[in-house]
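Asker: Note that the sequence shown covers residues -19 to -1, 1 to 154 in mature numbering (1 follows the signal peptide of the UniProt record, and there is no 0).
Derived by calculation from the structure, the hints in this document are not laboratory data.
No residue lacks a Cβ here, since even glycine has one placed at the ideal position from N, Cα and C.
One thing to keep in mind: the hints can contain errors.
[Stated by the list, open to error] Below, a list of computed lysine-lysine pairs in the DSBU-like style, where the Cα atoms sit at most 30 Å apart: (1) Lys112 with Lys19; (2) Lys8 with Lys101; (3) Lys132 with Lys8; (4) Lys41 with Lys55; (5) Lys72 with Lys101; (6) Lys67 with Lys106; (7) Lys132 with Lys72; (8) Lys101 with Lys51.
[Claimed, not checked] Each pair of labels, with its calculated beta carbon distance range: (9) Ile154 with Lys55: 24 to 32 Å; (10) Glu140 with Val10: 27 to 35 Å; (11) Phe47 with Lys9: 23 to 31 Å; (12) Glu140 with Lys9: 32 to 40 Å; (13) Lys9 with Lys55: 36 to 44 Å; (14) Trp151 with Glu92: 27 to 35 Å; (15) Lys9 with Lys136: 18 to 26 Å; (16) Val58 with Ile154: 21 to 29 Å.
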Amino acid sequence: MKRLLLLLTSLLFVVTTNAQNDSQTEKKVFANQGEQEKYWAEVFFKDHYSAQSYPEFSGKITEIDFNTFKFDDKVIVLDNINRSLKPIFLKGLLYPQIIGDEISFISSLEELKFLSTSPKVKRFKFWLFNKNVSNPTVYLLEITSEQATEKTDIKTFIENGKLTFLKKGWTII
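Construct the entire structure; sequences and hints are all you get.
Answerer: The following block contains the structure:
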């Protein structure tokens, strides 16, 4: 009788242990930092997205040079920005007053094409370098253009677009 009880207890323990192992989430393995950041962006939009509405900048926008824009008395310096995305700043969709006062410069603005589920919506990420902070912060944004179709070029999309999401993501280490 003791052996039967011992056998049943052992069997129950093994089954319980295996059930716990099967329920654990599998850890993702990424080939490089880019893949990991794409995954983080996808999860971020899934977990933190809520439609927002931001006004366009209503003050004076001055293009000081190819990479520098002045919004009234605040300046943004761009680095490593695709020329086709400059209208985001020239139109006043993205400006210092909605990001923060301590901006040093913005870098690596890129469209996240794998996250755009409709031709009317485009999602982007950029790195924001703040004064007195050594590491950049990733910001995610969404621009929506109700008139856009699959054939709409990026310049027209931005000209007709509105900023519908902007949020601080994570710090690059």
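Asker: All the hints need checking, so say for each whether the structure fits it.
Answerer: Right, here's what the structure says about each hint:
no.	hint	verdict
1	Lys112 with Lys19	holds (26 Å)
2	Lys8 with Lys101	violated (34 Å)
3	Lys132 with Lys8	violated (39 Å)
4	Lys41 with Lys55	holds (10 Å)
5	Lys72 with Lys101	holds (18 Å)
6	Lys67 with Lys106	holds (14 Å)
7	Lys132 with Lys72	holds (21 Å)
8	Lys101 with Lys51	holds (29 Å)
9	Ile154 with Lys55: 24 to 32 Å	holds (27 Å)
10	Glu140 with Val10: 27 to 35 Å	violated (41 Å)
11	Phe47 with Lys9: 23 to 31 Å	violated (39 Å)
12	Glu140 with Lys9: 32 to 40 Å	holds (38 Å)
13	Lys9 with Lys55: 36 to 44 Å	holds (39 Å)
14	Trp151 with Glu92: 27 to 35 Å	violated (19 Å)
15	Lys9 with Lys136: 18 to 26 Å	violated (36 Å)
16	Val58 with Ile154: 21 to 29 Å	holds (23 Å)
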